[in-house]
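Protein chains in written order, with the numbering used here: chain A, 948 to 1224; chain B, 948 to 1224.
Derived from the structure by calculation, the hints contain no laboratory data. Quantities reported herein were computed from a predicted structural model and do not represent experimental measurements. Hints should not be assumed to be uniformly reliable.
One copy or any two copies: either way a pair holds, since identical chains are not told apart in the list.
No more than 30 angstroms apart at the CA atoms, straight line, and that leaves these computed lysine-lysine pairs for DSS-like [what the hints assert, rightly or not]:
no.	residue 1	residue 2
1	Lys1107	Lys991
2	Lys991	Lys1113
3	Lys1090	Lys972
4	Lys1065	Lys1134
5	Lys991	Lys1198
There are 2 protein chains.
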Amino acid sequence: MSNYLLTIAYDGSGFHGWQRQPSEKTVQGHLETTFSRLFNRDIKLNGTSRTDAGVHALGQRASFDADLGIPTERLARVMNNALCGCEEGGFALSPVRIIKAEEVPEGFHARFDCKGKKYIYRISCGEIDIFRRNYVYHVNDGKPCILDVDAMNEAAGLLKGTQDFKSFEAAGGTPRESTVRTIFQAKVMAAGGEINAPAAERKPTAPAGGRDDEIVLEISGDGFLYNMVRIITGTLVEVGLGKRRPDEIKKIIEAKDRAAAGHTAPPYGLYLKEVYY
Amino acid sequence: MSNYLLTIAYDGSGFHGWQRQPSEKTVQGHLETTFSRLFNRDIKLNGTSRTDAGVHALGQRASFDADLGIPTERLARVMNNALCGCEEGGFALSPVRIIKAEEVPEGFHARFDCKGKKYIYRISCGEIDIFRRNYVYHVNDGKPCILDVDAMNEAAGLLKGTQDFKSFEAAGGTPRESTVRTIFQAKVMAAGGEINAPAAERKPTAPAGGRDDEIVLEISGDGFLYNMVRIITGTLVEVGLGKRRPDEIKKIIEAKDRAAAGHTAPPYGLYLKEVYY
């Protein structure tokens, strides 16, 4: 018996989230069905993050125990071939891709051993682009507007450190013992790279084609409450639009009340980028 | 009774093409159902191009006669609001967008009065990007490769003018009297603009986020045979990969035989960009 760890990217727009559900198409369900058929045995995945419907992943992780009888270095390719075969029609590529498959020590668990995660959130302040409708949050109902990136970045900085983020937790998630979390890093960047960096030094940051009208929030921490990144994004967008001052973040945190924070940004601008072990 | 002309953009990936079908979701069917309900009368659209399943549009046109009792300048907004309402859930934006709605003289017909069309085709020679899987053609099975853009552009140039394009016609389309067409312009560009243009002068050409690993074919003409742009693209890709010499295009045209041309590129890299009247 070997223990495997997968790094997985997916376009969440056609899925009802990660977690297996009896009657909805989910990423976990899709992978377990495909792999169980491929290897002719029951494969059960332990995913790191239960991403919501519409949320994407660039680096989701999932571990599983199995005796596959196949060299580990061939695993990702075999899995990706099977995933493409699951698509109807000859042309379409799979919305899920195994980036990496590796063997890990016995007992390693993709969720329990997770030390932290990084998410990114893509925001557009330009006109509605129907081809990005599932991949970025068009603020201001898709009417071009100006977002104050410096103010957003100042507000984001106040989220760093170990604090009680109860104000940024939506109802309906798994009950948690504590709402204290540590945010390692939180920054807001214009598409193409760090704000204020000379143009020549900017690097693409957005996963699916960062554009001039895009702003990206990058946030990492030891854990996130239910909808926390989306509520943080909604609040930062209100700062960017001038509806809130950057230093209101402090008062929002102190309030320990969901009503003090801003709106919940939609799922489809959110990407699970990286998991730390 | 007024005669209206719509300019329409759509993400074709969720549709079985433009043309209304009894049991499949099509763009025409979706628009006619939405507008008939919105205006409480039977709306029938005359679309310019019957785009295939998976093909996108940046500037499809459709005309219709109706007595709407609404100022024309408000029409696009009213239609777009109705289209968004058709989507399930509160968040998702519509995959179809009315770019422009205008009044045209009595008797004007979006298809019969069409003088020509421009298509673009997006090709990626980079690694598979699952977020672009419905929007570009990943050549070489998504394994990074080099496409000789100069050779492709040389081959594209040989398509220009009035010629018999029988070799570039797929079976199964509407029967045509003649397979002679006039190609006004055909060029292949690296993403970001014209090939060999200085970086600073390059402009974005791809509709949904042109990237460094992308190549775009832009082709305009007075009309196109069934699958003609996709067969041209497949043939140019074979030139780019070094499997054919650029000047083979002449022999392919002379052959008047589909078997002489290259493979048919998939639908999802193709965009109807513009219609000429």
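Right, here's what the structure says about each hint:
1. Lys1107 <-> Lys991: Intra 36 angstroms, inter 56 angstroms, cutoff 30 angstroms: neither.
2. Lys991 <-> Lys1113: Answer is neither: 33 angstroms inside a copy and 53 angstroms across each miss the 30 angstroms cutoff.
3. Lys1090 <-> Lys972: between (33 angstroms within a copy, 28 angstroms between copies)
4. Lys1065 <-> Lys1134: within (12 angstroms within a copy, 42 angstroms between copies)
5. Lys991 <-> Lys1198: neither (44 angstroms within a copy, 56 angstroms between copies)
Going down the numbered hints, you'll see the structure goes against 1, 2, 5, while the others check out.
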